[in-house]
Amino acid sequence: MNILGKRYYFFGLSLLFILIGLAIILFRGIPLSIDFTGGSLLEVRFADQSPETGQIYEVYDGLGVEDVQVQTSETGSYIIRSRFLENADRDAVLAALGETIGAVDVVRFDSVGPSIGEQVTSRGTLAVVVSSLLVVLFIAWSFRGVTHAFRYGICAILAMVHDVAIIFSATAIGSMLWGWEIDSLFLTALLTVIGFSMQDTIVVFDRIRENSSIHRRLDFETLVNHSIVQTLQRSINTQLMTVEFLLLALAMFGGVTLREFAGILLIGLLSGTYSSIFIAAPILVLWENREWRTWFRKPAAA
Amino acid sequence: MIRNIIHRIILILVIVGLALWVDLSDEIKFTNPRDGSILFQLNTTARLGLDLQGGLQVLLEADLPETTRITADEMETARSIVENRTNALGVSDNKIQVAGDRRIVGEFPGVEDSDAILDIIQQTGLLEFVDTGDFRPEEGSILQTDYGVDSSTGASPATNGESEQPVYHTIMTGKDLRSVAVSPDALGTNYAIDFTLTAEGAKIFGDHTAANIGKILTITLDKRVISAPSINSAIPDGAGQITGSFTSESANALAVQLKYGSLPIPLKVVETRIIGPTLGADSLQRSLVAGMIGFAIVLLFMGIYYRLPGITANISILMYAVILFAVFKLIGVTMTLPGIAGIMLSTGSALDANILVFERFKEELRAGRTMRQAFGQAWSRAWPSIRDSNIAAVITALILLWFGSAFGATIVKGFSITLLIGVGISLFSSLFITHSLLALALDVFKPKNLERWFGI
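Just so you know, the protein sequences line up as chains A and B, in that order.
Counting along the first sequence from 1, when you hit position 236 you're at 236 in the numbering used here, and nothing is skipped either side.
Counting along the second sequence from 1, when you hit position 143 you're at 143 in the numbering used here, and nothing is skipped either side.
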């Protein structure tokens, strides 16, 4: 099986998916939740009424609450986002809703102060950067016996950046289709994917490390391809059969709160396996062959 | 295949037996057989997070400028005060924790009406002793003080233009109070509140009263004037009395507020989350069902694909689950939805280690090695990748744990804790339990037909 031979097709496929997400983000903005921007989310259900969203807007307008955005959920509840509400503000809103529309039941209420939101964003980014940096340093150290050990670390970062980009892209697509948002659970999913993407990349690299000391004569490309094929069964079994089964079940049957989380994890972990085989290892070969020298040259006549 | 196999199996059985016992009991209690006294007691009922049973979560932040340094002691005192106050409301099972340098996170399971709790928390009960010079403010009026605004040493009263209210200097706050008691005054008609101060407070109070005899010392609670006595003499011993028109009832109420309410720092609510009970219950049930379905598929797949090793791995994974829940119960991990996701992922990681080993095992068998050689090679060859990949997972989990703790982001914290513990136990399960069980199975069955036993 020659996987490496088609490496540019795989690069193209990933690029396409990432570009779609990027385009959505450019046009619609990053779908940040109140966890990062600060604000309130009030999810309510009306006992025996299903009012138009306009009525809810009116209630909020009457109280002078700005930045209101009302959504209906598939379970028949209303998700209302607005600026940060103090406890008293919330009581006023609920009282007004109860008065003008009918008996109201709070399903969920989240209110995040603006200062908290800012800090979560900056520290969250820091957490992602620090943990990925530590993992890369660890890989470089762990592969210190191999020639060009730091290349393995860099390729692992590139695969990781690829996975992060895929997750953002998938979330952007999800935000357009199902109203997905980047919240603190998203951050958890992101960090998990980074961790497990590394795990996958390490398994493939470990095989290259082992094979390079056994088959010293083999040229690098054949060696890497051989290593990928050898670990392929494990990659498929672990990822598709076990982790993905668990997550798929969670995404399909799990509670509403977890669905988006499971969905992002599902795509992220899939991407993690994909990138270790089709991105990380091929870039290693690309680097060894210094292929960029021929990228902008016209293909030689056959 | 391995030496001391019997010892290993006995050890595994003992561990799993103990874990099962913990899993099935709600309380662990050792009593002294002679006199029946309790030697050790631990409540091990499974704890559910707010997202699974509904409830209220609030994040409180010190309402002071960023530059003001807040000590860990002050945060801890504030935390225990919030705990005392909310416990007094009769809410059970609440959990108040310090998160980071200047935040406190409070969780109140099952609470639907957040008003009572938020009100009592936000009643900061900030007691201030304010130097108002010759001015005697009216009882009940609001006084502007410089506490928490800026570290000004400014003279009092400092007036900024005519329309602005004067800002007075705070000499000390309620954090310097040591004890508070109510006593009837000399006439027996009114009541007064006796207080004693800490050594530091006594010094400040002594110095101030000595230097300002004849001036007014106003006492405010949350900027509202309680009493404005004039300083008759220096009070060097750190004991004093707040007099005013108090009845026995109002004096006691104030004393309680001073005792439990003298927060060392003012707090404000920066984040509130309320999860309705139906949403929580719905999530729990559905997630459990989803977990069961996923788990069943995985067990089936492992058995069919890997045959004998797959079945031993299944037993080992079940044992992993039994041990994992016992550890959670012992150290009191609260189960949350992200926590469940963390468990699933560490289960995936445990399966991965098994799969890595089995793939290697099959490879070695195909290459014509003997059963014993292949068995030994499988574990030693798979070890570096299992080790490295798990270390990578632990690094991420630790960073997450730090992030979650500093922000009171309990969901992130819950996820990382379960992941961390899960990874640890998954290593034990794949490297020790599966290894021993498979060795035993190979000894017992002595398989010859590779296709039937290993699916090769």
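Heads up, a few of these hints could be off.
Across the chosen pairs, the derived CB separations fall in these ranges [stated by the list, open to error]:
| # | chain 1 | residue 1 | chain 2 | residue 2 | range |
| --- | --- | --- | --- | --- | --- |
| 1 | B | Gln373 | A | Val146 | 24 to 30 Å |
| 2 | B | Glu27 | A | Met1 | 56 to 62 Å |
| 3 | B | Glu138 | A | Ala88 | 41 to 47 Å |
| 4 | A | Glu66 | B | Ala46 | 40 to 46 Å |
| 5 | A | Met1 | B | Glu66 | 56 to 62 Å |
| 6 | A | Leu32 | B | Val289 | 39 to 45 Å |
| 7 | B | Asp101 | A | Arg217 | 41 to 47 Å |
| 8 | A | Asp61 | B | Ser183 | 53 to 59 Å |
| 9 | A | Asp105 | B | Asn32 | 49 to 55 Å |
For the record, the hints were derived by calculation from the structure and aren't laboratory data.
Just so you know, these numbers come straight off a predicted model, no measurement behind them.
Each residue gets a CB set at the ideal place from its N, CA and C atoms; glycine is no exception.
Exercise. Which hints from the list above does the structure break, by number from lowest to highest?
Worked result: 3, 6 and 7
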